[in-house]
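**Student:** Assemble the dimeric complex from its two separately framed chains, guided by the hints.
Protein sequences, first through last, are from chains L and X. Number 17 in my numbering belongs to position 16 of the first sequence; there are no gaps in the numbering. Number 69 in my numbering belongs to position 45 of the second sequence; there are no gaps in the numbering.
If you are wondering where the hints come from, they were derived from the structure by calculation, not from laboratory data. Computed from a prediction, not measured in an experiment: that's the story for all the values here. Incorrect hints may have been included.
[What the hints assert, rightly or not] Result set (EDC-like, lysine to aspartate or glutamate): computed pairs, CA atoms no more than 20 Å apart in a straight line:
hint, chain 1, residue 1, chain 2, residue 2
1, X, K131, L, E104
2, X, K80, X, D93
3, X, K60, L, E104
4, X, K80, L, E104
5, X, K60, X, D107
6, L, K69, L, E19
7, X, K60, L, E45
8, X, K131, L, E45
9, X, K92, X, D27
[As the list claims (entries may be wrong)] Some chain L residues near chain X, calculated using beta-carbon distances under 7 Å:
hint, residue
10, F34
11, G43
12, L44
13, L46
14, Y49
15, F92
16, Y102
17, N103
18, E104
19, F107
20, G108
21, P109
22, G110
Just so it is clear, CB atoms sit at the ideal spot from N, CA and C, and this is done for glycine as well.
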Amino acid sequence: DAGVIQSPRHEVTEMGQEVTLRCKPISGHDYLFWYRQTMMRGLELLIYFNNNVPIDDSGMPEDRFSAKMPNASFSTLKIQPSEPRDSAVYFCASSKRGQFYNEQFFGPGTRLTVL
Amino acid sequence: GEDVEQSLFLSVREGDSSVINCTYTDSSSTYLYWYKQEPGAGLQLLTYIFSNMDMKQDQRLTVLLNKKDKHLSLRIADTQTGDSAIYFCAESMGYSGGGADGLTFGKGTHLIIQP
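Pulled out of the complex, with its shape left as it was, chain X reads as follows (with noise of 0.2 Å):
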């Protein structure tokens, strides 16, 4: 069936660059996903990758994906206090299906900052 895997915490000193690892066993997965959830929140939107990509940057955050082994990335540069949060690594088949469909979670990562 399908899995998604993250280790649940990570801890940086504010300013060094954060990465943050996910691995999935769903190889017909379309997109994948990183969610940012902050205390009391809901999950948000923070960037996706199309399976057929290998990097997509937006900013401060760098997606890498390496399909062959069903590993993908998140790496925020210059990490902030704001940065603080659980992320989430996802997977879904996106529309392509011809319909929507529910995502796959990990159980997320915990991002602690250091001063």
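One chain only, chain L, in its complex shape (with noise of 0.2 Å):
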């Protein structure tokens, strides 16, 4: 399997466009993380999805942040409008239920700068 796949995996951007990141989780995995990392606050869960049903978005920081997964295979996050401190690397994870503990597996992440 090609493991979780993340794009673009660099994305430069101003201040007020929109931006989206894309996420392909592994096959046959059915929950589907957001997760976002910052030097100053580490690695936080903005979302996560259950056989494509957002779960629980109470990470999500604001209104300009929103995130869909249209099918098994496929989703996406959106920023707009996309603020400097919006800077941070997403991750993306995928697991599949059927084990005890929550082993996820994660994408190589997108870097985002906002100027």
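**Tutor:** The structure is reproduced here in structure tokens:
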């Protein structure tokens, strides 16, 4: 399997622009997670889906952030409008129910820079 | 609320043992994890421990859990240059709560290997 795929790997944009980050989970996984990593706050859970349905979005910082999962093999995280404080590395991870522990498989991340 | 604390840096000599420590606050955590992040990459699960265990050994890795003090440690024996990375402690309910949940991570410990 190719692992979790994220695109783009790097994104540089100007304040006010819309940014869309994409994720393809591992085939057969039924959970998908979006995390954000910054030096100040470390890794934060933004939102997660089970079978394409959002389960917990309490970590989404504000209404400028939205996430969708239209099917089992694709998810997007959108920021509109973007702000410099959104600069971070955004990780997507997926996991499969069936184990008692929660091993999440992470993608390589998208490094977002908002100027 | 949930909180996971780790020291930010640890420097050890090649061949020595590394001990990375972590404290957590959520007494309902079912599983505790150690993830490794190499430069420019996503996180990868190293090992995990169930909350009713005191110790788990996996080749060069030894995990110790003191549930009373909410203290978790990771010992890496015979530390090599390839062990240089950021190590994250994380907690979750696992699947015991009827579904997966997101992981709560510490800020990560940078392990620096001196020749």
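**Student:** Run every hint past the structure and note whether it holds.
**Tutor:** Structure-based check of all given hints:
no.	hint	verdict
1	X/K131 <-> L/E104	19 Å, holds
2	X/K80 <-> X/D93	17 Å, holds
3	X/K60 <-> L/E104	13 Å, holds
4	X/K80 <-> L/E104	17 Å, holds
5	X/K60 <-> X/D107	9 Å, holds
6	L/K69 <-> L/E19	15 Å, holds
7	X/K60 <-> L/E45	16 Å, holds
8	X/K131 <-> L/E45	10 Å, holds
9	X/K92 <-> X/D27	16 Å, holds
10	F34	6 Å, holds
11	G43	4 Å, holds
12	L44	4 Å, holds
13	L46	4 Å, holds
14	Y49	5 Å, holds
15	F92	6 Å, holds
16	Y102	5 Å, holds
17	N103	5 Å, holds
18	E104	5 Å, holds
19	F107	3 Å, holds
20	G108	5 Å, holds
21	P109	5 Å, holds
22	G110	6 Å, holds
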